[in-house]
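**Q** Okay, here's what each chain looks like letter by letter:
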Amino acid sequence: MPSTDRDPALFELKFRDPARARALVEALGRRTAELGRTPVSVMHVCGSHEQAIAKFGLRSTFPRGLNVIMGPGCPVCITDAPEVDEGVVLARQGVHIATYGDMVRVPGTSMSLADAQADGAKIHVIYSAAQVVELAQSTSDQVVFFATGFETTAVATAAIVLGGLPSNLSILSAHKYIPPAMEIVAEVPETKVEGFLAAGHAATITGSAVFEPFVARHHVPVVVAGFEPLDILAGLVKLVELIRDRTPQVVNMFPRCVTRAGNLRAQEQLWKVFRPTGGRWRGIAHVPNGNLRLRDEFRSIDARRRFTIDLASLWDHAPAALAQSCICGDIMAGLSSPTDCKLFGQECTPEKPVGACMVSSEGACKIWHEYGGHPDLGGDA
Amino acid sequence: MCLGVPGKVIEVAGNVATVDFWGVRRQVQLDVVDEPVAPGDYILNHVGFAIRRIPESEIAETLALYEQLITQAEQDDLMAEDVRNEIAGARGDRRAVD
Ligand code: SF4
Ligand code: SF4
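Taken in order, these protein sequences are the chains called A and B.
Terminal number for the first sequence in our numbering: 381, no gaps in between.
Terminal number for the second sequence in our numbering: 1098, no gaps in between.
The hints are simulated quantities; they were obtained by calculation from the structure and are not laboratory data.
You may find that some hints are simply not true.
[Unchecked claim] To give a feel for the contact side, a few chain A residues facing chain B, derived at Cβ under 8 Å:
{"no.": "1", "residue": "V155"}
{"no.": "2", "residue": "I205"}
{"no.": "3", "residue": "L230"}
{"no.": "4", "residue": "Q249"}
{"no.": "5", "residue": "L264"}
Here a beta-carbon is modelled for each residue, glycine too, at the ideal position from N, C-alpha and C.
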């Protein structure tokens, strides 16, 4: 094998090859025409898919009649206001809060962690869970890891927990588990989603088999796809093909990362540390088994048990009135587009986000704002 | 924040690998990856933890899957001539050009 094949740039470029992309765009147009009816709606459940679709301009290449809608794909976006509030209360009690970047600006009921920071709270943005351990080792103060993200991120939290935490470090888990949320969306009658594009990274951990019971229950196909342009296009071609042939199955189009069983070592760590419980996702609903909480064995490092979290103490700050108009929930359920929100680009911008979807670089509103508002849907591929 | 980024392992020291991401080097934890990782391997990084060693054979397998979709479409009917030529050109594989 020539040495250039092992170059990271070439590795990714293979999955960005324009000629193959054009061929797949053609195949997608043909498959959609073969359905003999429109519109057909499919949903992806990953912010990273939307980001790639926007970044590579894929949406304008989708055939007319194929709606690729965004589901609850962003753990930042679906972290509910009361969960942010818990972090804010702890921050205002003087503990250090460490969390991933996007989370800092997500509005809670009355303020975000960034607002608390402006009031003097000690907020730290981390890139990796491993940095939280270093942070706790560098101080004698209490440090709380506001741990957010799906199963992919939760395994990193599990790994540091199993590695043993410094005594001044505890975990406030707002981790979420994706498969149960797909059930909810599949049951919303208005969305009429005929197929799902599943997130390749989450499936790297869980394996593609995790979707098999879902497919059996709802009779809709699920295609696991990666995040390069060819991954997404090929995933969609496969998905429309499965819809055309009325063959609800799980197909793994991301074999370079995903296996049927997934990463068993990571799953073992994940379930050793966390248990699934029901809980609200912002804008969506109560999701049974959608929240990951620390198991009882880890009560001593559970921030909810180590500290008193009295949400009423936040009430001296008035809730933001604008937030009432935010339609993030409808957007994540596939019922609306960001441009349907009357605050979009006006009162709500990435600089001053009103809702969570305008915060994260994988949030639907932020992406549509960044890439020129309403993407061009008029392509005639 | 869920972005998983592939990178190439430069060095492994115990539980931590130094990984090259398009010229940027970062430390990546190996606590959750399910296979031994060695310099030269590709890994999928997620928030500072490798979650997968990406085998070279399966990169090829992924590309073959796509190739299959494309060829199938070709056979079904008329893919534009220039697209086929372009693919062949990109492959450096003149055989496929009609
Ligand atoms: S926005 Fe980020 S955190 Fe959100 S899903 Fe997405 S990728 Fe993950
Ligand atoms: S534009 Fe802002 S307020 Fe409207 S739905 Fe999006 S995040 Fe919410």
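**Q** All hints, please: hold or fail.
**A** Taking the hints in turn, this is what the structure says about them:
1. V155: 5 Å, holds
2. I205: Result: holds, 6 Å to nearest chain B Cβ.
3. L230: Holds - the Cβ of L230/A comes within 8 Å of chain B, reaching about 6 Å at its closest.
4. Q249: 15 Å, violated
5. L264: Check passed: Cβ of L264/A comes within 6 Å of chain B, closer than 8 Å.
When the structure is compared with the earlier hints, a violation turns up for hint 4 alone.
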